[in-house]
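Asker: Given the coordinates of chain A, work out where chain B should sit on it, guided by the hints.
These protein sequence lines are chains A and B, in that order.
Our numbering puts the first residue of the first sequence at 330, with every later residue one more than the last.
Our numbering puts the first residue of the second sequence at 3, with every later residue one more than the last.
A hint or two may mislead.
[Claimed, not checked] Subject to a maximum C-alpha distance of 30 angstroms in a straight line, what follows is the list of computed DSS-like cross-link-like pairs (lysine-lysine):
#1 B:Lys115 with A:Lys496
#2 B:Lys86 with B:Lys13
#3 A:Lys496 with B:Lys305
#4 B:Lys301 with B:Lys218
#5 B:Lys13 with B:Lys24
#6 A:Lys388 with A:Lys496
#7 B:Lys66 with A:Lys431
#8 B:Lys24 with A:Lys431
#9 A:Lys522 with B:Lys24
#10 A:Lys496 with B:Lys24
#11 B:Lys305 with B:Lys218
#12 A:Lys431 with B:Lys20
#13 B:Lys17 with A:Lys496
#14 A:Lys496 with B:Lys23
#15 A:Lys552 with A:Lys431
#16 B:Lys305 with B:Lys115
#17 A:Lys431 with B:Lys74
#18 B:Lys218 with B:Lys118
#19 B:Lys218 with A:Lys332
#20 A:Lys332 with B:Lys23
#21 B:Lys218 with B:Lys115
#22 B:Lys13 with B:Lys23
#23 B:Lys66 with B:Lys86
#24 B:Lys74 with B:Lys86
[To be verified] Chain A stretches covered by chain B per the calculated footprint, using a threshold of three residues with CB under 8 angstroms from any CB of chain B:
#25 357 to 369
#26 420 to 431
#27 447 to 453
#28 476 to 483
#29 536 to 548
[As the list claims (entries may be wrong)] Computed spacing ranges between beta-carbons, pair by pair:
#30 A:Ile590 with B:Arg120: 15 to 21 angstroms
#31 A:Lys388 with B:Gly119: 35 to 41 angstroms
#32 A:Ile340 with B:Leu160: 19 to 25 angstroms
#33 A:Lys388 with B:Gly89: 25 to 31 angstroms
#34 A:Met445 with B:Pro201: 29 to 35 angstroms
#35 B:Phe297 with A:Glu497: 51 to 57 angstroms
No wet-lab data here; the hints were simulated from the structure.
All C-beta atoms in this analysis are idealised placements derived from N, C-alpha and C, irrespective of residue type, glycine included.
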Amino acid sequence: MRKANIIRKSILYLILILLSVVCLLPFYWMLRSSLMDVSQIFVMPPIWFPHPIKFSNYKEALSILPFGRYFLNTFYIVAFVVSGTIITSSLCAYSFARIRWKGRDFVFGILMTALMLPYAVTLIPTFIGWHALGFYGTYVPLTVPAWFGGGVFNIFLLRQFFLTIPKELDEAALVDGASHFTIYSRIIIPLSKPALIVVGLFSFINTWNDFLGPLVYLDNENKYTLSLGIMQFQGMYSAQWQYMMAASTVVVLPTVLIFLIGQNYFIEGIALTGLKG
Amino acid sequence: MSTASPALDVKNRIKRSKSEKKNLAAGILFAMPVLLGFLIFVIGPMVASAYFSLTDYSIASTPKFVGFGNYKRLFSNEDPFFYKSLGVTTYYVFFSVPAQIIFALIMALLLNKEIKGRPIFRTIFYLPTIVPGVASAAIWIWLMDPDLGLLNQILSMLGLPGSKWIFSETTVIPALVLMSLWTTGGTMIIFLAGLQGIPRQLYEAIEVDGGNGWHKFWYITMPMITPTLFFNLIMGLIGGFQVFTQAYIMTSGGPNNASLFYVYYLYREAFSNFRMGSACAIAWVLFIIIAVLTFIVFKTSNKWVYYEGGGNK
Numbered sequence: 330m331r332k333a334n335i336i337r338k339s340i341l342y343l344i345l346i347l348l349s350v351v352c353l354l355p356f357y358w359m360l361r362s363s364l365m366d367v368s369q370i371f372v373m374p375p376i377w378f379p380h381p382i383k384f385s386n387y388k389e390a391l392s393i394l395p396f397g398r399y400f401l402n403t404f405y406i407v408a409f410v411v412s413g414t415i416i417t418s419s420l421c422a423y424s425f426a427r428i429r430w431k432g433r434d435f436v437f438g439i440l441m442t443a444l445m446l447p448y449a450v451t452l453i454p455t456f457i458g459w460h461a462l463g464f465y466g467t468y469v470p471l472t473v474p475a476w477f478g479g480g481v482f483n484i485f486l487l488r489q490f491f492l493t494i495p496k497e498l499d500e501a502a503l504v505d506g507a508s509h510f511t512i513y514s515r516i517i518i519p520l521s522k523p524a525l526i527v528v529g530l531f532s533f534i535n536t537w538n539d540f541l542g543p544l545v546y547l548d549n550e551n552k553y554t555l556s557l558g559i560m561q562f563q564g565m566y567s568a569q570w571q572y573m574m575a576a577s578t579v580v581v582l583p584t585v586l587i588f589l590i591g592q593n594y595f596i597e598g599i600a601l602t603g604l605k606g
Numbered sequence: 003m004s005t006a007s008p009a010l011d012v013k014n015r016i017k018r019s020k021s022e023k024k025n026l027a028a029g030i031l032f033a034m035p036v037l038l039g040f041l042i043f044v045i046g047p048m049v050a051s052a053y054f055s056l057t058d059y060s061i062a063s064t065p066k067f068v069g070f071g072n073y074k075r076l077f078s079n080e081d082p083f084f085y086k087s088l089g090v091t092t093y094y095v096f097f098s099v100p101a102q103i104i105f106a107l108i109m110a111l112l113l114n115k116e117i118k119g120r121p122i123f124r125t126i127f128y129l130p131t132i133v134p135g136v137a138s139a140a141i142w143i144w145l146m147d148p149d150l151g152l153l154n155q156i157l158s159m160l161g162l163p164g165s166k167w168i169f170s171e172t173t174v175i176p177a178l179v180l181m182s183l184w185t186t187g188g189t190m191i192i193f194l195a196g197l198q199g200i201p202r203q204l205y206e207a208i209e210v211d212g213g214n215g216w217h218k219f220w221y222i223t224m225p226m227i228t229p230t231l232f233f234n235l236i237m238g239l240i241g242g243f244q245v246f247t248q249a250y251i252m253t254s255g256g257p258n259n260a261s262l263f264y265v266y267y268l269y270r271e272a273f274s275n276f277r278m279g280s281a282c283a284i285a286w287v288l289f290i291i292i293a294v295l296t297f298i299v300f301k302t303s304n305k306w307v308y309y310e311g312g313g314n315k
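In isolation and in its complexed conformation, chain B is listed as follows:
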């Protein structure tokens, strides 16, 4: 390169910078929809939400600045529903996310064995996830009916006592966790893809060394699946904190607020009580909770997530 004449070099540079500019213009033009969308539907609302959270605002009036009044009201327990909904949602997330991940992983492991009809089983396991939330809520209210529902009838056929499912304060969250297992198909497919990406030679190496099935699982499958596990964990946490339809349709947050999910509480604050400012404060608290949790998972991930090649990618 250094042997090229200076004149040619300059010419090339001008040409390159010209094409660079052209590329920049084209790149931004093509990406324009999402760039605008990001400003209008993400950044704008975030900023607006931060501002509104500091105001007293019911859609009909003009916002009145109240400083951190909304946050104070939440954290000082002046509004008893805030801590209640936080507790309910944490309880749900704490049980549903691990349960879903374990259940999905087991299904994926079963499907990853040498079996006939894998596509059929895969389709069947995935099918529940595409049912509209409103319809699956309707189906499960019917299944969980304490007197006539199928679940209690099956239990009584097996000689077991029935449950009140979503109709009792103590069983409503476990019942919803159970229901959430019905829709783990998406998580399962992602695990299955991860499992099928594991090179065969690794297992063969264990076989040569005289290892058994357990060794294969513990020393090959588990480490190799951790990146997928990591992805599913983050998505599960974000999804778990945002349960809404079940609370709205199946329980209305009851009985006795036992299923007052966080986003349902937020919805009620905004659209039943018309406290938009307070609702924005509630949303920001959720945002910070999810951001912190995601951060913690990310931070600890280099301790338990195995990255091929050992890089930090």
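The following block holds chain A by itself, in its conformation from the complex:
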């Protein structure tokens, strides 16, 4: 009995480790290829460990295109989107979780249907609108929408969290004559840091990774984001895998770091969305 158990456990761990290897292999292959000399990349059977390690690939890849500029551009957009999302989604979530107003739940239900709306449906008319207003080629279409509630999904997530905060706290403050804004900023926000971090992290990753938005709205190379930079790079150096992978590593690294730092928040946040969905 014990023996059978040990065997079963070993098989379980073996499968888990195998799956982990499969998940990590593409990362490793990217890193490996980015540190290799061209002559080694095309050797068969493949060399698993680059020798010598060529850090110079990074220097060369990053000097081909102005990646520093793309990095700053991306960062600029991300900063605007993340701050807008956190501020406005928490205000809206406060309304739907803590203020009792007529028609509130009905309105919230309607807003929630937007979650099911394919982005492709609004893509073209939104583009036409921004174009007509003269904002094509600027960061406005990529950043300003985040200041309008920051996405229904984030409001939903924060609302779920706000609902878990005891109501008595607000009531006591209301009796003392506090305004809703005071309750929001002095009670709810300080108690909701974990949820706000989740929203911030999600919106950071989504914006950092966004491809279609910049592709549609940016025409000037000076304004390109990292995603567009990588795409452009692909067109120019399709077979130069060592440079391609070096550039990819540079783009992937920040998201991986952010994720590893905030991973517990991420996991909790995603788990929260699936429940009571």
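Answerer: Below, chain B without anything else, positioned relative to chain A:
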């Protein structure tokens, strides 16, 4: 309550209606960003899109009303790419959504066992989902390179024949389905949360009745996980119909339109052919397809989704 004096009652009512009004004002004020956002970025574009879909419009000219001309052109096969892209996308969704759900569920079930290092495995399985689409596309083109890619080299090490992966008409969609399995971490986490929400006593009851592992899975885990499954199915369908980056970066819809995904086709119609009206019609067809599919899943859900307490919540 009925014993209270009428004067006091009226006073209370006035007070209450006053505070109700105050609450309404505050509620709307706080929700203003999303209310405006919903009007400007959802309702407005939807209405505009419906109108533009009935026009001939290239961003440079003024829209010319053509009735249902755009829709007719699509459905009459005058534009051969419409049915092609619909077929390609359906093919992809049909295989990728079940594959992703099964794969994610298996991973979640494994992680739900009593194991050490669960957080580490969880992190590893989730990690691929945060990679920017453009970068993961680049990585997978390299992995799937028919001559030098890692996948074919591993196959040849195992003595198996290689594949042309995304570079052949017949294998491009299966290859992209395979690639989509790499990023099922999010689905897995949601399943895991669902699994961990199942009360222990239910399993203990089966044990008392002498049931085995299979009984536990089939009579407890599966029914209890159906709401999560339902959520993942809907999200998977919506996501599957909107694949874009892979088509744009990895295949350009090829070879020979074998990976002409619907949203890529829509993008091309709008931003390469500058047929905004037609693109809006294409978008509306997608909207209706997704709405109908979601509706069907919702309608059939009371047959297979188990809701705790038996309510309709």
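Asker: Give a verdict on every hint.
Answerer: We went through each hint and held it up to the structure:
1. B:Lys115 with A:Lys496: With Cα atoms ~37 angstroms apart, Lys115 of chain B and Lys496 of chain A exceed 30 angstroms; violated.
2. B:Lys86 with B:Lys13: violated, 69 angstroms
3. A:Lys496 with B:Lys305: violated, 37 angstroms
4. B:Lys301 with B:Lys218: holds, 28 angstroms
5. B:Lys13 with B:Lys24: Cα-Cα ~17 angstroms, so holds.
6. A:Lys388 with A:Lys496: violated, 56 angstroms
7. B:Lys66 with A:Lys431: Measuring from Cα to Cα gives roughly 43 angstroms; hence the hint is violated.
8. B:Lys24 with A:Lys431: holds, 11 angstroms
9. A:Lys522 with B:Lys24: This hinted pair holds, its Cα atoms lying about 28 angstroms apart.
10. A:Lys496 with B:Lys24: holds, 18 angstroms
11. B:Lys305 with B:Lys218: holds, 21 angstroms
12. A:Lys431 with B:Lys20: holds, 13 angstroms
13. B:Lys17 with A:Lys496: holds, 21 angstroms
14. A:Lys496 with B:Lys23: Cα-Cα ~20 angstroms, so holds.
15. A:Lys552 with A:Lys431: violated, 45 angstroms
16. B:Lys305 with B:Lys115: holds, 29 angstroms
17. A:Lys431 with B:Lys74: Judged against 30 angstroms, a Cα distance of about 45 angstroms means the pair is violated.
18. B:Lys218 with B:Lys118: Since the Cα atoms of Lys218 of chain B and Lys118 of chain B sit roughly 22 angstroms apart, the hinted pair holds (cutoff 30 angstroms).
19. B:Lys218 with A:Lys332: holds, 23 angstroms
20. A:Lys332 with B:Lys23: violated, 71 angstroms
21. B:Lys218 with B:Lys115: holds, 13 angstroms
22. B:Lys13 with B:Lys23: holds, 15 angstroms
23. B:Lys66 with B:Lys86: Answer holds: Lys66 of chain B to Lys86 of chain B is near 27 angstroms, not above 30 angstroms.
24. B:Lys74 with B:Lys86: Holds, because 16 angstroms separates the two Cα atoms, which is no more than 30 angstroms.
25. 357 to 369: holds (count 3)
26. 420 to 431: n = 9 at 8 angstroms, threshold three: holds.
27. 447 to 453: holds (count 7)
28. 476 to 483: That given contact holds, which follows from 5 residues of the region 476 to 483 of chain A lying within Cβ reach (below 8 angstroms) of chain B.
29. 536 to 548: holds (count 6)
30. A:Ile590 with B:Arg120: 15 to 21 angstroms: Once the Cβ atoms are compared, 19 angstroms apart, the range 15 to 21 angstroms for Arg120 of chain B and Ile590 of chain A holds.
31. A:Lys388 with B:Gly119: 35 to 41 angstroms: holds, 37 angstroms
32. A:Ile340 with B:Leu160: 19 to 25 angstroms: For Leu160 of chain B against Ile340 of chain A, whose Cβ atoms are near 21 angstroms apart, the range 19 to 25 angstroms holds.
33. A:Lys388 with B:Gly89: 25 to 31 angstroms: Given range 25 to 31 angstroms: violated, Cβ gap about 46 angstroms.
34. A:Met445 with B:Pro201: 29 to 35 angstroms: holds, 31 angstroms
35. B:Phe297 with A:Glu497: 51 to 57 angstroms: violated, 41 angstroms
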